[in-house]
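> Residues per chain, in single letters:
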Amino acid sequence: MTRRAGATRSSRPDAATRRLPDIGSTDVSPEADSRLRYRVIHDQLKSAIALGNIAPGLVLLEGPVARIFGTSRVPVRKAFEMLHAGGLLITFEGRGYLVARADGSAPEPLRAPISEETLGFDRPPEPLDIPTNAERIYDSLEAAISLGIVFGHFRIDESHAAEAFGVSRGTVREVLNRLRDRGLVEKSAYSHWLCGPLTARAVRQDYELRVLLEPAALRASGPTLPREKLEAALRDIECAIDDPDSVHAAALHHLETTLHDTFLAGASNRKLLATISHAHMPLIVNHAFYDAFRLHPEMGTLTEHRTVIELLLQGKFDAASEALAAHLRNGETRTRQRLKVLAVLPDPDLPAYMHRIA
Amino acid sequence: MHPSKVELRVLGTTVTLQEHIRKRAEQDLGIRLRFIVQDGGAVQRDGAMHPDRYELYDQWFHSLDCVWPTHALQPIELARIRRWNEVNALPRTGQMDPAHQATNAGCAPADRLYVQPDGSLGREASERISMLPLTHNADSFVYLEDAMPASLTETDESWAWLLAPELSGRVALQADAAIGAIDAALAVEASGLMRFDDIGNLDIEEIDGLIAILKDYKRRGHFAGFWSSFAEAAQLMIANKVAIQSIWSPATIELERAGLKFRLARPREGYRAWFGGIGISRLAHGRVLDAAYDYLNWWQEGWAGATVARQGFYISNPERSRAHMDAAEWSYWYDGARASADLPGPTSKHLVPVGQMRDGGSYLARMSRIAVWDSVMDEHNYLVRRWTEFMRS
Numbered sequence: 001m002t003r004r005a006g007a008t009r010s011s012r013p014d015a016a017t018r019r020l021p022d023i024g025s026t027d028v029s030p031e032a033d034s035r036l037r038y039r040v041i042h043d044q045l046k047s048a049i050a051l052g053n054i055a056p057g058l059v060l061l062e063g064p065v066a067r068i069f070g071t072s073r074v075p076v077r078k079a080f081e082m083l084h085a086g087g088l089l090i091t092f093e094g095r096g097y098l099v100a101r102a103d104g105s106a107p108e109p110l111r112a113p114i115s116e117e118t119l120g121f122d123r124p125p126e127p128l129d130i131p132t133n134a135e136r137i138y139d140s141l142e143a144a145i146s147l148g149i150v151f152g153h154f155r156i157d158e159s160h161a162a163e164a165f166g167v168s169r170g171t172v173r174e175v176l177n178r179l180r181d182r183g184l185v186e187k188s189a190y191s192h193w194l195c196g197p198l199t200a201r202a203v204r205q206d207y208e209l210r211v212l213l214e215p216a217a218l219r220a221s222g223p224t225l226p227r228e229k230l231e232a233a234l235r236d237i238e239c240a241i242d243d244p245d246s247v248h249a250a251a252l253h254h255l256e257t258t259l260h261d262t263f264l265a266g267a268s269n270r271k272l273l274a275t276i277s278h279a280h281m282p283l284i285v286n287h288a289f290y291d292a293f294r295l296h297p298e299m300g301t302l303t304e305h306r307t308v309i310e311l312l313l314q315g316k317f318d319a320a321s322e323a324l325a326a327h328l329r330n331g332e333t334r335t336r337q338r339l340k341v342l343a344v345l346p347d348p349d350l351p352a353y354m355h356r357i358a
Numbered sequence: 359m360h361p362s363k364v365e366l367r368v369l370g371t372t373v374t375l376q377e378h379i380r381k382r383a384e385q386d387l388g389i390r391l392r393f394i395v396q397d398g399g400a401v402q403r404d405g406a407m408h409p410d411r412y413e414l415y416d417q418w419f420h421s422l423d424c425v426w427p428t429h430a431l432q433p434i435e436l437a438r439i440r441r442w443n444e445v446n447a448l449p450r451t452g453q454m455d456p457a458h459q460a461t462n463a464g465c466a467p468a469d470r471l472y473v474q475p476d477g478s479l480g481r482e483a484s485e486r487i488s489m490l491p492l493t494h495n496a497d498s499f500v501y502l503e504d505a506m507p508a509s510l511t512e513t514d515e516s517w518a519w520l521l522a523p524e525l526s527g528r529v530a531l532q533a534d535a536a537i538g539a540i541d542a543a544l545a546v547e548a549s550g551l552m553r554f555d556d557i558g559n560l561d562i563e564e565i566d567g568l569i570a571i572l573k574d575y576k577r578r579g580h581f582a583g584f585w586s587s588f589a590e591a592a593q594l595m596i597a598n599k600v601a602i603q604s605i606w607s608p609a610t611i612e613l614e615r616a617g618l619k620f621r622l623a624r625p626r627e628g629y630r631a632w633f634g635g636i637g638i639s640r641l642a643h644g645r646v647l648d649a650a651y652d653y654l655n656w657w658q659e660g661w662a663g664a665t666v667a668r669q670g671f672y673i674s675n676p677e678r679s680r681a682h683m684d685a686a687e688w689s690y691w692y693d694g695a696r697a698s699a700d701l702p703g704p705t706s707k708h709l710v711p712v713g714q715m716r717d718g719g720s721y722l723a724r725m726s727r728i729a730v731w732d733s734v735m736d737e738h739n740y741l742v743r744r745w746t747e748f749m750r751s
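Chains Z and H, in that order, give the protein sequences. 1 is the number of the first residue of the first sequence in my numbering; add one for each residue after it. 359 is the number of the first residue of the second sequence in my numbering; add one for each residue after it.
Source of the hints: derived by calculation from the structure; they are not laboratory data. Among the clues, some could well be false.
[To be verified] Have a look at the derived ranges for each label pair, beta carbon to beta carbon:
hint	chain 1	residue 1	chain 2	residue 2	range
1	Z	S159	H	T511	53 to 61 Å
2	Z	H254	H	R578	55 to 63 Å
3	H	T746	Z	A249	25 to 33 Å
4	H	D648	Z	A326	35 to 43 Å
5	H	E563	Z	D318	36 to 44 Å
6	Z	A232	H	A447	47 to 55 Å
7	H	D556	Z	D318	32 to 40 Å
8	Z	R180	H	A616	52 to 60 Å
9	Z	E231	H	A447	48 to 56 Å
10	Z	T303	H	A616	55 to 63 Å
11	H	K573	Z	E231	57 to 65 Å
12	Z	D243	H	D648	25 to 33 Å
13	Z	P244	H	L641	17 to 25 Å
Even glycine gets a Cβ: it sits at the ideal position worked out from N, Cα and C.
All chains should be modelled from the sequences, with the hints used to inform the complete structure.
The following block contains the structure:
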């Protein structure tokens, strides 16, 4: 889950220019494939067997191997099947597989506790920080749904999505359930997955939440911020104010992340920060707006940022928090105005698994 | 060598982009004018997304909510508007005069007129405006007198008539969400089916409730059609399918020509009003920008005001157009008096027969009875999706 957490932490409202991932691409690249769990497990066991580091006849069971790799049993089962197909593991009367001899013949079963040592690893395997299928498709589904809800009301076809991504329906369901927790999709009485349309109310509620929480986070985090960091942020914002036309997408994203993410990160209450990062509806609106119009930031946004940073530099943390709250309230107005504009945009291309209801 | 003529492209709807107006302006100004006529939704989309495709944006003030945040338009310098001091109070302050407070429900034009120091729009006066306020009107619905049952005509005209069961199958509404939904909301509220906190800014539950009622009426065959141009609106009535429908005044010219015996209602709940104007693309500059200002100023010179008056709507500096109408015309269109002679239409010799009286009365009487302005609501995006669902149901 570390990867997801990283991704959501950059999901910041006025961070309007963060590019949405390409929602059209659902192919799994060879590179991504090599980072799939079952393949990592397969490759490590294969090399250990080939090097003779695992005793022939050792009985391999899914559960203990999964524990060593820190995964569920599913990728282990798949790795075992592949090793079996390759003749490195063989089946026998009992549960699990036997490690074959180098010539492929079947030794007597050797029942020994399975550890890093008996698996022939000289050190514990790196934790498998690689995406599961669900994590792999999360960004694409989230991006497609985020874009879609701006333009209407949709039903998400679970089996079409599974086909499009080349994963099981269960995997799609897992992701949709997670997106439901984040308020992006809902399940109808007939178990249809529904999303959209995006409302001004949802945007307003997210801003309400942020106006309550971000100033609190800044009050806690402000005293921990090093002076050099604040001075660098002030220089950045001054440059942007002097020449707003020079502020392209990446630069705007950097300004937004600095204020709404980096500056809050010193707060010790992780739950608080996680809740803030979930108030993401404004981001969806601003994405769609800036994608359509390629605008430079409003001067008001920039000068409000400067005020907050200046107050932090003066050590006036309460005043900085209040300035941040004022900035968020203005952001709400700006975002609400942008949402009205979105009603005139032509429909974008959406994946075939999103069926328009209205 | 003469420099080539400047060409201006004007993006707008049939309300003001009329051929006889185009020809007259070309002749008066010595420029070329190209009118790009689309329905309101398409005008707003191109207005917001393609400022490179027009020099002038001729639209309603409420549509600024969909266009101004994109920076497609440049602020208009009041110093370059010759007749600004003649513009009456309604678009500037939101009321006709101190004695007649107009409503602020919906998108009041005064709230989106002046460019504020932070670039947003507001009521606080400044030296720059978003669009030059020009044409406007108070709209309601039109009905064929002979088709109305006594149960209705015995009472005051009301938006509720649009939902009267006696007229089932003979009712039409306009298709545009920002306008049609407000007419529908006025009708639903007048019928006592729902009450809205702010009819110009419905919330999600109110929109859901409104759409549910409308879908129910539609399922029962209450609506005979939905129109998106004057021609369609007029045709619905001329073909005798529709007995009552929400309307814009220029469409009544067609009904007049077809010889229909109709009335434009003066609903007891008040009118739905709109204010039109012209804005300038942010990409216009140099000679083109000069010509754009010339065109804006031309609209306030009187001739244009007179020609729109003959279609039943008003101009923001009416006194200047008085000189372009004879006394009988002025009394009929602006004072609400009985026609003392046969009066001409915009391009025809005869439109209004002697003795006729305008429904709703004088300019002041009509424009001081506004229930709501056309509106782009906070939940506009949601409303448009739900309205589309109703249209398709």
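> Output the indices of the hints that this structure fails to meet, ascending.
none
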